[in-house]
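2 protein chains.
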Amino acid sequence: MLLRRCLVVALAVTLSASAAADEAKPAHTPSPKELLAKSQPREWRTPDPKDLLVMELPQGRVLIELAPDFTPLHVANIRTMAHEHYYDGLVIERVHDNFVTQWGDAANEDESHASKLKPLGSAKDRLPPEYTRPYDAKLPFTILKDGDFYAPEVGFSEGFPAARDKANQQEWLTHCYGMVGVGRDIDPETGSGSELYAVIGQAPRALDRNIALVGRVLQGMEFLSGLPRGTGPLGFYEKPEQRIAIRSVRLAADLPASQRPNVEVLRTDSVTFTALVDAKRNRLDDFYRIPAGKVDVCSVSIPVRDAKPSR
Amino acid sequence: MLLRRCLVVALAVTLSASAAADEAKPAHTPSPKELLAKSQPREWRTPDPKDLLVMELPQGRVLIELAPDFTPLHVANIRTMAHEHYYDGLVIERVHDNFVTQWGDAANEDESHASKLKPLGSAKDRLPPEYTRPYDAKLPFTILKDGDFYAPEVGFSEGFPAARDKANQQEWLTHCYGMVGVGRDIDPETGSGSELYAVIGQAPRALDRNIALVGRVLQGMEFLSGLPRGTGPLGFYEKPEQRIAIRSVRLAADLPASQRPNVEVLRTDSVTFTALVDAKRNRLDDFYRIPAGKVDVCSVSIPVRDAKPSR
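Which chain is which? The protein sequence lines are A and B, in order.
Heads up: the first sequence is residues 1 to 311, going by this note's numbering.
Heads up: the second sequence is residues 1 to 311, going by this note's numbering.
Excised from the complex, chain A in its bound form:
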């Protein structure tokens, strides 16, 4: 036991000289709660109602923020579908453990489905891939100094985890827990936004640059992740009655003001966000005696809070 205790003290000294002076009370990194309590109002932003999808499930409400600066054509198509109530009555049809929860038109899964598919209305049924966007140094990008296992550079852009590659002049959103993407067939142009998925497991980063990500779940993630897993191939529900009906999906901008969600997201270029990331990177407290020393882009939480009712 002595060896272990010595190791803990040695690490604490590395992090903070004060810890050596007071072994009884080792250095503590601040908790997220402490850091958020000190945040300033200007560090929080209100998502644009045009970028906020409100999905009503029997389990509860899921809020998804769209990322038009990364996937403008897909986001425009999804806005059109939400505006025209395309998603209402569609279903969660696939819950693939440690991978994705997917929703859309179950007729896609049935044989000879073409005649039964719900019409897309004014929305397009094919779109260019939009898996990456051209690198642009002027676009917001807060670099995560820890680096990344997969990409040359990662960080956060306008509230989304993202990666970029200067050499190849590309940027893209990263497949982290809670990110929302566009299901497609083999043909890269078959993604329209009529089938969407949310990541519910270990970040499937190999999907990065192979499929379009369009946003992130801000609230209600537990209603997508806490569902029974499908037992069919790829986690599809085998019986139609297992599917979960979507009551409605609306753009917040299409809702009366009284029904709009009123949430705020911590800016990923704020001082408080940087402090949260640092506290996670070097977490040291009564429970965590050995700080990880690093934090990966997909293990960072981006805080969301209910805004005060006054608008």
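Just so you know, these hints were derived from the structure itself, not from any lab.
We put the CB at the ideal spot given by N, CA and C, even for glycine.
Check the hints yourself; a few may be wrong.
Claimed, not checked - Straight line, CA to CA, 16 Å or less: simulated EDC-like cross-link-like pairs of lysine to aspartate or glutamate:
#, chain 1, residue 1, chain 2, residue 2
1, A, K294, B, D278
2, B, K145, B, D278
3, A, K138, A, D165
4, B, K239, B, D105
5, B, K280, B, E34
6, B, K145, B, D165
7, A, K166, A, D136
8, A, K118, A, E130
9, A, K294, B, E153
10, B, K280, B, D146
11, B, K294, A, D136
12, B, K294, A, E153
Stated by the list, open to error - One side only, chain A facing chain B, incomplete, derived with CB under 7 Å:
#, residue
13, Y135
14, Y150
15, P152
16, R209
17, S225
18, R260
Use these hints to put chain B onto chain A, whose structure you have.
Quick look at chain B alone, frame taken from chain A:
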């Protein structure tokens, strides 16, 4: 579109010269199914029944393989508790989204609980931490050549994802999806195995070396991950009726032969496992046009199959 297609072809050429000769049919990495179909019987191992926990939940059966070579004292204690039916009637009391599902004695969560706790029988209620073990080059360790974001070296040891640090002469199991650990209080010696958790989200690698991991879920992970999330602090269920009762937990060795699970696990030092990891690392097929080029230790699946009934 042309730029994107050129990029895909360029990458395919890097991976396989044959792709350049036949652009219409790009190089494909083999699928897991194809690779497993070619595996040899000797590449599969049958877990020792003394290391196999069989947990019966209302949702189904969960199989956990214990890792006595990493955490011998904890595994011995868990074997004792299973042998004496300690876990029967305890509950899943916590499902913390993107983190852990935890089970144990709910009296731990209630006030003035001490008098209501189920007795541990012959098991110990305190154990040395066992968060790491001494580095030993003679112990099995198949290095993952990709390296790791957190540890100097990672790989697989006897079927478990693991890390090691030659400089500090330590080895430890890594907190990947499906790994099972020992809940504890602040005091590092308060872990006994009476409270266990399974990782159900993005690998919480910061827990590595701060808590004892004792094994991995081999089958039935979906019964732990696909549960409604708890709405109390830390994901605890707020109402007692939300808790899920554990019907029984047995060591396979304590079950009659006819009731023992009959599973095989692909050896992590086998040729087929190496091929699976490589196919994941460089996945290239009709859907994945841009290979990740790397694979992290927590995104590797370790195959488990039902063995043929003849023993």
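Here is how each hint holds up against the structure:
1. A/K294 x B/D278: Violated. A/K294 to B/D278 sits at ~26 Å, over the 16 Å cutoff.
2. B/K145 x B/D278: 10 Å, holds
3. A/K138 x A/D165: 15 Å, holds
4. B/K239 x B/D105: This hinted pair holds, its Cα atoms lying about 15 Å apart.
5. B/K280 x B/E34: 13 Å, holds
6. B/K145 x B/D165: 15 Å, holds
7. A/K166 x A/D136: With Cα atoms ~9 Å apart, A/K166 and A/D136 stay inside 16 Å; holds.
8. A/K118 x A/E130: Violated - the C-alpha atoms of A/E130 and A/K118 are around 24 Å apart, more than 16 Å.
9. A/K294 x B/E153: The given pair, whose Cα atoms are some 15 Å apart, holds under the 16 Å limit.
10. B/K280 x B/D146: Roughly 12 Å separates the two Cα atoms, so the pair holds.
11. B/K294 x A/D136: 26 Å, violated
12. B/K294 x A/E153: Holds. B/K294 to A/E153 sits at ~15 Å (cutoff 16 Å).
13. Y135: Hint on A/Y135: violated, closest Cβ of chain B at ~13 Å, above 7 Å.
14. Y150: 6 Å, holds
15. P152: Because about 11 Å separates A/P152 from the closest Cβ in chain B, which is outside the 7 Å limit, the hint is violated.
16. R209: 5 Å, holds
17. S225: Nearest chain B Cβ about 6 Å off; hint holds.
18. R260: 23 Å, violated
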